[in-house]
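K.L.:
Spelled out from the first residue to the last, the chains are:
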Amino acid sequence: MKYKGRTISTSVVIAAVFIGLGVRLAFLHLRPSPGTMERIATGRRLEQETRGPRGRIFDRNGSLLAVDIAAKHVCADPKFIQQYGDVEAVCDAICSQFGMNRATVREMLTKPDRQYVRIQKFVREEMFDPLRKKNLKGLVFEDVPIRDYPKRALGAHVIGYANFEGVGSAGIEQRMNTLLQGVAGLRISQKDGHRREIYQLRTVDIDPQFGSDVYLTIDEQIQHFAEKAIDNLNTKYHPKAAWAIVQNVRTGEILAMASLPTFDLNRFSTAPAEWMRNRAINYTYEPGSTMKAMIVASALDCGAVRSTDIFDCENGAWFYGGTTLHDSHPYGRLSVADIIKKSSNIGAAKVALQMGNAKVYQSLKAFGFGDRTGFDLPGEDAGIVWKTDRWSKISITRIAMGHEVLVTSMQMLSAIGAIANDGIRMKPIIVRKVVNNQGQTLLAPQPEVLSRPIRPETAKQMRRLMARVTQPGGTATAAALPGYLVAGKTGTAQKVNLEHGGYYHDKFIASFVGFLPVENPAISIIVVADEPQQGGYYGGTVCAPYFREIADQTVRYLRIPPEGFTTEYVTEIDNGGSGEENSSD
Amino acid sequence: MKKRQRVRNRKSQVKIPFPVVLANILVFVAVFGLSYVWLCARCDTLGQEIKRLETVQREAHRRMINEQDRWSSQVTPANLDRALKRHNLAMKLPDGQQIIRVRNGVGTATATLAYNK
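Protein sequences, first through last, are from chains A and B. The first sequence: position 470 = 669 (my numbering), numbered continuously. The second sequence: position 32 = 33 (my numbering), numbered continuously.
By construction, these hints were calculated from the structure, which means they are not laboratory data. Glycine is no exception: its CB is placed at the ideal position from the N, C-alpha and C atoms. Just to be clear, a hint being listed does not mean it is correct.
Partial list, computed: chain B residues near chain A (C-beta under 8 Å) [claimed, not checked]:
| no. | residue |
| --- | --- |
| 1 | S36 |
| 2 | C44 |
| 3 | K52 |
| 4 | L54 |
| 5 | T56 |
| 6 | R63 |
| 7 | I66 |
| 8 | N67 |
| 9 | S73 |
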């Protein structure tokens, strides 16, 4: 009993302390003041937004054309480096790695009041990895995705590019931006005193969604053939620009679309705007004689002429409507078939006159001139076909030879495709399918018929007439391909002088458009050269050989059997020696 | 002496009843507490493991994409052309002169061979 009082008082003190602590804890946990509550919540809150990578772009065979890869911004904390690090060592490492000016780097690193400077943006793994391994104090690497184009300039005008903010700004990247863009993810959680996430308190965790993958109809190999061919054309004739398109006649799928000048997609920001222009779809020009194929086809279709009808080509000069129309070579009497083969302006004009303004206009529209094809690339031009009420007396004769109308190469190829495809004009397709990251197909454009400008019989007849163009005596013998019958039409148009009116006498647009094999067409190709500078300017001279170059490689690559063969057996002969059968279908 | 003995006996005979209920409660609280701590530790470990695996997955994905990109860059037709040239391998598709096309009916006596000229 002696210590009873002390025991009680000690117990009371201890109990009071614990009760006090309990009450304080209870207040903190159960009824903290709003200000305290907010401070705690703000300090603990962890909110991370993770950007979903852009979808990839593939060619028709799944070859990768565009992808988001991991890169870093190389940053530094100058204050920290000056206090705890080694400015010289960091300076040395950065200069040797990125080849930067030492004075500039040093200036960036010697700012004692700054805690953040960005030294180099969008650095690839192979570049920043050696730097990271040096473990230099004060260097920070910020994650950032970068759009990479592993094929560099291949198909540059078709693929386009995404800017540094990850927004598609040209080509397929722009047109398919909504589907290619990923959906950002969100993680809301809380962090502890060491700023580490408290996993148990993660309340929101939405994974970023990858953008959908886009598969193009382009074939990497055929694209390469086309690019190589126009590069060869460029080397020989030095045009201001040259371009080529290869299309599947039956489905309208674009297999290749090449344009020069071109640029490296990984360095798009350094390329002049003129290089980025996809001339295959947005450069309009007067097509010249290639238009004769459509005029004659329509005339045959509506019964205005027959292929055996004879027209007087006036020995190369015909006075009509107060002006004289010339042929490049004088011809006397030519059949309709020969008008195509020899490419007579006067003959084509007279054929058009047999049709009349209204029918010529209708046929141009039916072949798709003056309207966009609806092609899945931004910037397609519609071209110009004036209505007949704006035509002069001689307009019909000029339109017949491809003047007074403006077309794009895509339109011209689409029109020729109609002749190749039994009179059915197909919509050009560039996107084969779009697949999301779960493997579901979101989009799979199907072949679509745009119009039927001529009947199948007329188309068949026209194919045979156009095949004569590449045969001896035609204007494009250089386009002939052994084993195959090639149909086509040359075009050589003087360029319009926009400053002073009229036409330039020394500036031409040369072109050749055709398809093969004639009896069962599989591919159509157009090659165009803008202002060839040396060595010739005729479509048959400048473009036909490169049409052949593309066609030659493409038919073998696609294993398109030649005329009269349904199955291909290939035996290689080694310089006349005996070979062995090495492939078959 | 008697009196002293009696007192002693009384003391030795005092029995404090064992607080069974309290003991049960304490044991229960202890077990509960330990379980809670163990579960917390387990959650923390799992959380760290999840975090680590997330990092591994991200890293693996990043490496895969980078390798795909590198491979795709290496097999660009232009690069292959250059590589072939570098090794003096003049490989090209056979041209028309090097191909014999056999009409349908190949393998029979009536098969027709045709050179493309």
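K.L.:
I'd like to know which numbered hints this structure contradicts. Please list them from smallest to largest.
P.N.:
Going through the list in order, the structure violates hints 1, 4, 5 and respects the others.
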